[in-house]
Amino acid sequence: MNGEAEPEAASTDSSPADCLLTARLFAQNPGNFGGICLRGFGPVRDALLEKLVSALEPLGPVLKIPNNVDSERLLGGIDLAATLQGGRSVWRPGLLETAQNGVVLLPMAERIDENIAAHIAQAMDIGKLSIILLDDGMESDEAPPTVLLERIAFHCDLTGSRDLEAVKALNLSCESAAKIRAMTKKQRGALAATAAASGIHSVRPLLFAERCATRHAALAGHDKIADQDLQMAVRLVLGPRATQFPQQHESPPPPQEEPSPPDQDSSEGEDQQNIEDIPLEDLLLEAATASIPPHILDQIEGKVRQAGKGQGGRAGNKQQSTKRGRPKGTRPGVPGNGKRLALIDTLRTAAPWQTIRRNESGNLEPGKIHIRKSDLRVHHYEERQESLTIFAVDASGSSALSRLAEAKGAVELMLAEAYVKRSQVALVAFRKDGAEVLLPPTRSLTRARRALGALPGGGGTPLAAGLISARQLAEAARKRGQTPTIAMLTDGKGNVMLDGTANRKGAKAEMEEVAKGIAALGLNSIVIDISPRPRPEAVELAAALRGRYLPLPRAQSAALVAAIESVGKEAMV
Amino acid sequence: MSGFPFSAIVGQEEMKLALLVAAVDARIGGVMIFGDRGTGKSTAARALAATLPQIRAVDGCRFHCEPENRDDCPDPCTSKRIRKMAVPFVDLPLGSTEDRVVGTLDLEKALAHGEKHFEPGLLAKAHRGFLYIDEINLLEDHVVDLLLDVAASGENLVERDGLSIRHPARFVLIGSGNPEEGELRPQLLDRFGLSVEVKTPDDIDQRVEIMRRCDAQERDAAKFTAKWKGEDAKVLRQIDRAKKALPKVKTPAKILRDTAALCKAVGADGLRGELTLMRGARAFAALQGDVSVTLDHLKTMAPLSLRHRLRRDVLDETGSTVRIERALEELFG
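For the protein sequence lines, the chains are R and C, in the order given.
Its first residue numbered 1, the first sequence is counted upward by one per residue in this note's numbering.
Its first residue numbered 1, the second sequence is counted upward by one per residue in this note's numbering.
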């Protein structure tokens, strides 16, 4: 792991400088850019945020909105105390209204509830409101809601950044708002072409890129948008959003560290010459390529989850619940049957009517509050369904001889993924005359690893028994509200029947019957063929399960992980 | 006060050290204790809080503000009178609801008088003291989210139930949990300055001694406390002296370089590892009565400051502690 950390740090080396530049651009005119996302918690981001806030405070309100805000406080609502006291409905403006013409700070943006995000997005569309997203996500699928990312110009990644001094030296004070001539048609065309080539379909990034180029030109003291302004805009705005690797005539040059704008003048002569020869679009494509974050590249290469970013974020389906989970607001309803009364909301509903009801009932006692059944509100919670991956590993002689070790490696990698997502894993092994649950569903990586390490190999292949075991675990998980996925690691050559007798033909019939039963239950599954060469038997098993088939690529456990994940994702849509 | 005296805790030197260091320099952040049940985790944390000298607070203030530092109190907080109180030690039970943790609208006042009044939660109670969360790895995700933000910003911002209030909530977060029962999100781990791994002592003599002391305490708590009063006072003086000496402890440039080299070698993410290790080594030096941080201080504090910041490597069976020790060995011999 130590070895791996190095190249990663090297490839994102230029990104902190980019982040500082984005902060400068953003601070010049926050309303123009919608906002900025600062990913990667740590002292560097804290320092940058402090700088940004003190630069933005003179321009308008800067409000922090905690993650657990309720929509009433966000959008405004009846002020309970004042309403009860006054006997008439007193409206209190919400945070989004108060923050108009200013900036809203959203901590732990990767955990923002979609409903809250939708309200914020709406407020950004209607009025003049910009946001700073503090994204604490660490894995590539932990990201702020897409509705918000879409509406902001800058996505900065400060993960692992150590350059505290540079941030401390940063000057965010507003510089001259010189008039910059509008972008030429050719430049706009090149921008649009670059976006298209990078797989960016939304129009918003184009608008942001244009504004970014303009502000960058102003920072650099130009009077019109020069090619390097455009390049920088592409690098800062389009690059981080790329969903595909831009197609180019020749292979892209290795990412070079680009000088920040003030020093750019010195190298301008040189750049200018190069620019003469290369068409503008290619130049921009190059800039986009250079700034595509490494984890996006992984996603592009694997062709998985590129569309799922920030949507499939957390593991497991979601389920509305009236009993437990994350609070999700209230709705009209009668308490009881496990539903809990939301007292404050009930009172809030009742409050404006008090004067009328008091007069109606003739009971004018001031301390009495009149509540009708229609006022009652109950809590609603969202239970996030945990996902459970059940690994059924074929530890028979045929597979032990070939690739059991590789299969173990793959499972270990997947365990690590599951750990990150806090989903559960279970482990079933089948060999000799039956199947055994080595590890009941758990979240503990330590235990899973231990169980896997102790897995012996050898004997026949009781495939049907393995399937039944996995199915039992899956069904039990469903009852607990989990979303199970079965991953069969086998060569598909079952030769032991459920009663323990060796009979290839009978075993196959049993296997098909059990597999079809699993398919009928609608359980997600994937068959990973661990035989030395892809076998028709494993393909047949996958077909019977109505699951995916994947031959285990040699020594490519990572590809396997990606495949299993995508099966899980499909299931969650 | 009839808790178990801090100095009477047998063994568990690393845990005691981490707690002392955290008490000397609050900026280090909290302590995460990994380990089995019944290893004295909560006893030690509770005992330390009880050992610390009483703090001065504004009389009648629900957030027990420091008299000199009451500007960020949401209450009027104008009383001239000052009261002394024990350092707060708040337990956050697993099933805590969000309302109970962050605070909520005082319904009685709202109903009876039409007054909007904030009823402080556990976070407010823990201000200037310790917040202890047993089995933190089993805490519900949305409560963890709350804690993360408050622990990072030092204030509790409530925007719900029609309330809009912010109050200071600076506390030493002490978490405990068994990683075998569920893992912690790395974001939460990062908020802890130090982490320790505790095990039940294997040594028979130690176990006997634990039994003996626990028994003595159960029989006559007052007598037991009195017996250890002198030792506890020593600990208190040590913390006190270290706090005073801390600003004067020197950190040589070479130590800073060593710190950075070590963090790079083990692959600790971000800059927080370095900063914590530096602060931790400094506080440790102060506790030892040394005027300058040495390599030994660094070596002692390295596993505590870094082991929970290493990226988890599934294919490498060796634990983080071993990896750090190996790096220490390679770098400094």
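The hints are simulated quantities; they were obtained by calculation from the structure and are not laboratory data.
Check the hints yourself; a few may be wrong.
To be verified - Sample of chain C residues with no beta-carbon within 10 angstroms of chain R, all distances over it, derived:
hint	residue
1	K16
2	G35
3	Q54
4	A86
5	G162
6	D190
7	G230
Stated by the list, open to error - Straight line, CA to CA, 30 angstroms or less: simulated DSBU-like cross-link-like pairs of lysine-lysine:
hint	chain 1	residue 1	chain 2	residue 2
8	C	K116	R	K368
9	R	K224	R	K185
10	R	K339	C	K109
11	R	K168	C	K84
12	R	K373	C	K116
13	C	K264	R	K51
14	C	K109	R	K373
15	C	K244	C	K84
16	C	K243	C	K227
17	R	K408	R	K328
Unchecked claim - Simulated DEER-style distance windows between Cβ atoms:
hint	chain 1	residue 1	chain 2	residue 2	range
18	R	A166	C	P53	38 to 44 angstroms
19	R	R331	C	H113	24 to 30 angstroms
20	C	H117	R	I126	41 to 47 angstroms
21	C	G333	R	H201	29 to 35 angstroms
22	C	E218	R	R340	36 to 42 angstroms
23	R	T243	C	P201	54 to 60 angstroms
24	C	F332	R	A166	42 to 48 angstroms
25	R	G458	C	R257	49 to 55 angstroms
26	C	E115	R	S54	45 to 51 angstroms
27	R	H201	C	G95	42 to 48 angstroms
28	C	A233	R	E97	38 to 44 angstroms
29	C	A233	R	R340	45 to 51 angstroms
30	C	G333	R	R478	52 to 58 angstroms
Virtual Cβ for every residue (Gly too), placed ideally from N, Cα, C.
Hint by hint, here is what the structure shows:
1. K16: Holds: least Cβ distance 26 angstroms, greater than 10 angstroms.
2. G35: Given that every Cβ of chain R is farther than 10 angstroms from that of C:G35, nearest at about 13 angstroms, it holds.
3. Q54: 32 angstroms, holds
4. A86: Correct as stated: the minimum Cβ-Cβ distance to chain R is 30 angstroms, above 10 angstroms.
5. G162: It is violated; C:G162 is separated from chain R by about 5 angstroms at its closest Cβ, not greater than 10 angstroms.
6. D190: Check fails; 7 angstroms does not lie beyond 10 angstroms.
7. G230: Check passes; 41 angstroms lies beyond 10 angstroms.
8. C:K116 to R:K368: Since the Cα atoms of C:K116 and R:K368 sit roughly 17 angstroms apart, the hinted pair holds (cutoff 30 angstroms).
9. R:K224 to R:K185: Distance of about 13 angstroms is within 30 angstroms: holds.
10. R:K339 to C:K109: Roughly 25 angstroms between the alpha carbons, so the hint for R:K339 and C:K109 holds.
11. R:K168 to C:K84: Violated, at roughly 40 angstroms.
12. R:K373 to C:K116: 24 angstroms, holds
13. C:K264 to R:K51: OK: C:K264 and R:K51 at ~27 angstroms, within 30 angstroms.
14. C:K109 to R:K373: Between C:K109 and R:K373 the Cα gap is close to 23 angstroms, so the pair holds against 30 angstroms.
15. C:K244 to C:K84: Holds, at roughly 21 angstroms.
16. C:K243 to C:K227: 26 angstroms, holds
17. R:K408 to R:K328: 41 angstroms, violated
18. R:A166 to C:P53: 38 to 44 angstroms: 42 angstroms, holds
19. R:R331 to C:H113: 24 to 30 angstroms: The hint (24 to 30 angstroms, Cβ to Cβ) holds, given that R:R331 and C:H113 are roughly 29 angstroms apart.
20. C:H117 to R:I126: 41 to 47 angstroms: Hint violated: Cβ distance 34 angstroms, outside 41 to 47 angstroms.
21. C:G333 to R:H201: 29 to 35 angstroms: Given about 57 angstroms between the Cβ atoms, the range is violated.
22. C:E218 to R:R340: 36 to 42 angstroms: 40 angstroms, holds
23. R:T243 to C:P201: 54 to 60 angstroms: Check passed, 56 angstroms falls within 54 to 60 angstroms.
24. C:F332 to R:A166: 42 to 48 angstroms: 29 angstroms, violated
25. R:G458 to C:R257: 49 to 55 angstroms: 54 angstroms, holds
26. C:E115 to R:S54: 45 to 51 angstroms: Violated: the Cβ-Cβ distance is about 36 angstroms, outside 45 to 51 angstroms.
27. R:H201 to C:G95: 42 to 48 angstroms: 46 angstroms, holds
28. C:A233 to R:E97: 38 to 44 angstroms: 57 angstroms, violated
29. C:A233 to R:R340: 45 to 51 angstroms: 49 angstroms, holds
30. C:G333 to R:R478: 52 to 58 angstroms: For C:G333 and R:R478 the Cβ distance comes to about 56 angstroms; the hint holds.
Checked against the numbered hints listed earlier, the structure breaks hints 5, 6, 11, 17, 20, 21, 24, 26 and 28; every other hint is satisfied.
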